[in-house]
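**Q** With chain E held as given, fit chain V onto it using these hints.
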Amino acid sequence: MASNPVELISLARKRIARIAAIRASIYFLAPALTAMVLAAALPAIGRMTWERMGYFLPTNLTIDARLTMLAAAGFAILVGAYRGWRAYAASDDFIGAAIQVDEKTHANEQVVTLATLSNPDAPPPSDASRSPLFPVLWRNVTAALNSFNPEKEFAVEVAEPIRKSSLPSAAIAIALGLATLALIRPPLPIENTAMQLRKLADRIEASAKSPEDKQIARKVKKVAANLANPNIPPEEKKKELDQVLAQVEKKEASAGDQSGASTGTSKGSAGAGSSASSNASGGSEGKGESGQSQGQGKGSGKGEGSGGTGSAQNKSGGKKNGQNNNGGTADSIDLKNQLAKAQAQVQTDDLTASPAPNKPDPNAKTAQAPRPGNNPNQQGGSSKNPNEKGSAPVPVPQAGNNAGNKMPNGQGKQPNGGGTGGDTHLGEFPTAANYERFLKPGEKGIGLNINDARYVVFKIPSGAPSEGEGKTVIDTERPKATTAYTNAPLAPTADTAPPDERQLVPPRYRDLIH
Amino acid sequence: MGAAPKQSPDQRVAEFQQVFARAEEEVGKVIVGHRDVVRKLLTALFAGGHILIEGVPGLGKTLMVKTASDVLGLSFKRIQFTPDLMPADIIGTQVLTEANGHREFVFKPGPIFAHMVLGDEINRATPKTQSAVLEAMEERQVTVFGETYRLDPPYIVLATQNPIELEGTYPLPEAQMDRFLFKVVIGSPKPDELREIMHRTTGAQTYKVQPNFDPIDAPIKIEELKQLAREVMVSEPVERYIISIITACTPGSPGATPEITQYLRFGPSPRGAQALILAGKVNALLAGRVSVSYEDIDDAVIPALRHRLLRNFQAEAENVSTEQLLEQVTKKIKRPATSRS
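These protein sequence lines are chains E and V, in that order.
The letter at position 186 of the first sequence is residue 186 when you use the numbering used here, and the numbering goes up by one with no holes.
The letter at position 27 of the second sequence is residue 27 when you use the numbering used here, and the numbering goes up by one with no holes.
Hint data in this document are derived by calculation from the structure and do not stem from the laboratory.
The structure presented is a predicted model; accordingly, all values stated were derived computationally and were not measured.
Any given hint could turn out to be false.
Okay, derived cross-link-like pairs now, DMTMM-like style, lysine to aspartate or glutamate, Cα gap no bigger than 25 Å in a straight line [claimed, not checked]: (1) 219/E / 242/E; (2) 104/E / 295/V; (3) 334/V / 103/E; (4) 331/V / 103/E; (5) 77/V / 223/V; (6) 66/V / 224/V; (7) 104/E / 236/V; (8) 334/V / 160/E; (9) 29/V / 214/V; (10) 334/V / 153/E; (11) 66/V / 152/V; (12) 104/E / 298/V; (13) 209/E / 334/E; (14) 239/E / 249/E; (15) 104/E / 239/V; (16) 14/E / 236/V; (17) 199/E / 153/E; (18) 331/V / 259/V; (19) 219/E / 236/E; (20) 334/V / 92/E; (21) 222/E / 331/E; (22) 332/V / 103/E; (23) 66/V / 139/V.
For reference, chain E alone in the conformation it holds in the complex (with noise of 0.2 Å):
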């Protein structure tokens, strides 16, 4: 330790403005660091709140609430720096450190004045002489600081400016977190799909066995990601869709031939039809509310199912004889059904936002009305035009069709065991198609089998002409007025007698008066 008091009191300069500038500094990074927490918690955040809720946060939206967050944090951080670089200028103070110096040796401003009277930053002019007492104040000053060791006496203390930061960061926290909230809403079918599509991957994830799988659900989780995010383009999210999808059957098939032969039997009450599995040896077949189906693979397994009461017996392959494969878990029946749905809602999403013929030009002054299209009964992908109206070019699924032909391998059973209700989701989901028809007035049409459809969309006719002959009716029996009136003016009335009393004009009515 040094002896000398200018290089004490130096040293404690040194000291005390690191120190000022790491309390101004935490100020500002305690905001910093609730921004940066709130930006990498964001999505585990969304998870546990709104997205319970049923509220969801587009994944564009997502990125740029996150990135704002950074940049709040990058600005508080800033800002700290900046704040801590002045308050080390400020606080790098020769005369400023021997007054700290003084109060901590209780030297009752010797310190200060041997630091006035020997500031390196400041000397006195050469012609200046020091007071013949300037000896017994260096002697009283060396002998004060003596035992002065400025590491220990100026310690550094991040609890206050940590608590007195707690302000600004609840701040920051209520702000961006209102922000955040601000931006969710319900979300869209296929924003839906996407939160789904997530839970299985990380379900899937969670108890993956191989690397196959976790590779699987990173591609599932990024799927999701993507197709939640209206900038990125349909296309490219179908192609992704295809390729995950792909990439599962191939895991399912793959899995299927190493685990030997199988037979599966299932009874499930898939909606009535029979399928024949495209990617596997087997096939299967329902009828009825409680239709069986057979698979023929190269395993032999067992499933059976009761429909209707949700339970599922056969969720990893029914009664299996032990030669399971992951391809015919619940999670990855799951994941297909998702992949199918999503498929199905891009390209809805696609066909909305392409133009129709006859959708009405806002900006024409004649826009031609829309018509329904020629043939009510018309399936998607009969016309020639792709473009008409009701030419979605896929076909319209049949009853009992596609039911069941992509379930796996010995999967003649819906998993979940509830029976589908009607739905037509199970292995792959009817693209949309044009399903609005509308009869003129009058029109009888055949009859429609409105049983599988996700809605209906009425359209009530204005201005029906009136096909009947109507006759004028007199209403004799209608209510009449019995007093005479008329509208006639009053007579005026002659009142001679003089006022009971009398009153000022008020002075702003006077010039009124004449």
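**A** Below, chain V alone, put in the same frame as chain E:
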């Protein structure tokens, strides 16, 4: 100034403390109580200033000054100020004398030619006579018929004024009040002190003080001690503290407190700052230090500034004293924390 002191700085500081303490002790043998007044009197002497003592008659003001002069071995003169007192009665005059057959005017010094001059009830003299003391107080010299006569150092004027019986008095103008380093107020003695006064003044025993110095060497020694007080160092923050006090007491200035602006017409002059520093230096020496601390300044604020503040009508009507205002100022002013504050 005489030759350079041969003692070491430490010895000089110790001698100062010793002389001061002995003077206090010796005066205390004669004057019962009023230790603070005695200390301020000696402080003003070593700071090279004058002192105005205010108190009712019979409190021992004259005895105190006389005793102090005896203790310090200095010459003492007393002037009783009356309305018919003329300047020549104080300063002195030319007297026609005959010597060796020749008649010539010879200067006859007045009572102002002494080391310690007590102007009793100075507010009873006319302003013309009062102003005759001004030159002597400030310049340490008098001029009679074109001839200037220096007053031997050390020189201190101790004026007293009676706060009662104001009829027929001439209050000291601000310019003259400003020339006093301190204004101290002597209060009534406490019961114990009054008992002691009765014993001392009505008994057969007489109290004789022991002088500190030989009367021949006393002026030189005291001047050396005054020089020592001037050598005491003052730090920059303490200087800024004094400036902030003066600024805060100046109505209309940026640093003035609301009370000062409300109740004062004028604040202290730069002499107020000088008085604070000089008194602070003596206080520091008395504490064994060679640098002035904030406490040294705080101790001198009221006696050094109370007579330099000119109250307005509102303050007089509401009976707000300058002491109250100064106490508020010293409580509100913050001591500098850095050299940039």
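**Q** Hint by hint, work out which the structure violates, then give me just those numbers in ascending order.
**A** 17
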